[in-house]
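The hints should help you fit chains B and C onto chain A, whose structure is shown.
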Amino acid sequence: MLHIINKSPLDRPTLDSLLRMGQSGAVLLIEDAVLAATQGHAAAEKLRALMTKMQVFALAPDLEARGVSDRLIDGVTGVDYGGFVDLVAEHPNCQSWL
Amino acid sequence: MTTKKFMFVNRKAPYGSIYALESLEVVLITAAFDQDVSLAFVDDGVYQLKKGCQTKAIETKNFSPTYRALDGYDIEKLYVEKESLEARGLTEDDLLVDVTVLDSQSMGALMEEQDVVLSF
Amino acid sequence: MKFGILVNEGPYQHQASDSAYLFCRAALARGHEIHRVFFYHDGVNNATKLTEPPQDDRNIVSRWSKLAEEHDIDLVVCVAAALRRGIKDENLAPNFRISGLGQLVETGIQADRLVTFGD
Numbered sequence: 001m002l003h004i005i006n007k008s009p010l011d012r013p014t015l016d017s018l019l020r021m022g023q024s025g026a027v028l029l030i031e032d033a034v035l036a037a038t039q040g041h042a043a044a045e046k047l048r049a050l051m052t053k054m055q056v057f058a059l060a061p062d063l064e065a066r067g068v069s070d071r072l073i074d075g076v077t078g079v080d081y082g083g084f085v086d087l088v089a090e091h092p093n094c095q096s097w098l
Numbered sequence: 099m100t101t102k103k104f105m106f107v108n109r110k111a112p113y114g115s116i117y118a119l120e121s122l123e124v125v126l127i128t129a130a131f132d133q134d135v136s137l138a139f140v141d142d143g144v145y146q147l148k149k150g151c152q153t154k155a156i157e158t159k160n161f162s163p164t165y166r167a168l169d170g171y172d173i174e175k176l177y178v179e180k181e182s183l184e185a186r187g188l189t190e191d192d193l194l195v196d197v198t199v200l201d202s203q204s205m206g207a208l209m210e211e212q213d214v215v216l217s218f
Numbered sequence: 219m220k221f222g223i224l225v226n227e228g229p230y231q232h233q234a235s236d237s238a239y240l241f242c243r244a245a246l247a248r249g250h251e252i253h254r255v256f257f258y259h260d261g262v263n264n265a266t267k268l269t270e271p272p273q274d275d276r277n278i279v280s281r282w283s284k285l286a287e288e289h290d291i292d293l294v295v296c297v298a299a300a301l302r303r304g305i306k307d308e309n310l311a312p313n314f315r316i317s318g319l320g321q322l323v324e325t326g327i328q329a330d331r332l333v334t335f336g337d
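First to last, the protein sequences are chains A, B and C.
Start counting the first sequence at 1; every next residue gets the next number (our numbering).
Start counting the second sequence at 99; every next residue gets the next number (our numbering).
Start counting the third sequence at 219; every next residue gets the next number (our numbering).
So that you can see chain A by itself, here it is in the shape it has in the complex:
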């Protein structure tokens, strides 16, 4: 399953919820959620925990818009909107954690 998160983990608990319930597959961080994938961020450790069970991606245009492209943590792959589409297509189902 592809899990899509769109809020900063300092604003919403969706990353924590996914850490509890997420099984396998991938997570794509979009919109404000991309902030979690930056060096020194308080949520970076949570993302590392998530990486032990699923692949982690972040939407590059949203990283760029927030001025944090150069701070992406290791293990997170940046994708463009085409990559977003591919991730949805590659996984049998998806869920937006709103």
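Accuracy of the hints is not assured; some may be wrong.
Below, in silico cross-link-like pairs of lysine-lysine (BS3-like), each with a Cα-Cα straight-line distance of 25 Å or less [stated by the list, open to error]:
#, chain 1, residue 1, chain 2, residue 2
1, B, Lys102, C, Lys306
2, B, Lys180, A, Lys7
3, B, Lys148, B, Lys102
4, B, Lys103, B, Lys159
5, B, Lys103, C, Lys220
FYI, nobody ran anything at the bench for these hints, they're computed from the structure.
Leaving out everything else, chains B and C in the frame of chain A:
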């Protein structure tokens, strides 16, 4: 018509926003389409099933009775995440309908089995 | 592949409608089909032709109308959510139509994937 597995993931408390009410609307219509419907209540969504909601003073319609009516529409798969209840000091006795309480892992596994997951 | 899209938030306040639009454009560029875009909750506000953004801003409403025109996409606005917010046939932007929640369920059934964008 094709039958798909639809899961409605309810993550928000009732009345603070319209999502809980709208989720019920889509649930009822999905059941009318003869689809396989499951409801998951996680995070603050567990408050949607809290007994004793009184909405008169906020001048909003109380939709608690709709949860009781679901089983009349053959909607019987209601799942509540155990960890979400515990984090809010709630137990199954606080809920107004019969549910299946699942731990996080089991809830996650159930989500993986779905064709369509709608988050409210 | 056939995609269904659900947009739960209005234009300009949240990024949801922008993200959904850019996703649709990228999916079409990849040769996929957008079966339907369903506008729900405050998302119905994406459908009013009375929208007048400042000249240096994107026009989210007309952008949806144009995409629908070019790629024959079904843009459906939830009737109950629309009437609650004053969105009616007389102020509906081109290529949008008002219909019921059954259209959302139907796209869940018929599309290969349903992707939700919201707040």
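Hint-by-hint comparison with the structure:
Between Lys102(B) and Lys306(C) the CA atoms are separated by roughly 32 Å; this puts the pair beyond 25 Å, and the hint is violated. Simply put, Lys180(B) and Lys7(A) have alpha-carbon atoms about 24 Å apart, close enough for the 25 Å limit, and the pair holds. For the hint linking Lys148(B) to Lys102(B), the alpha-carbon distance of about 29 Å lies beyond 25 Å, and the restraint is violated. Straight-line distance between C-alpha atoms of Lys103(B) and Lys159(B) comes to about 30 Å, which puts the hinted pair past the 25 Å bound.
For the given pair, Lys103(B) sits about 18 Å from Lys220(C) by alpha-carbon distance, which is consistent with the 25 Å threshold.
This entry does not satisfy hints 1, 3, 4, going by the numbered hints stated previously.
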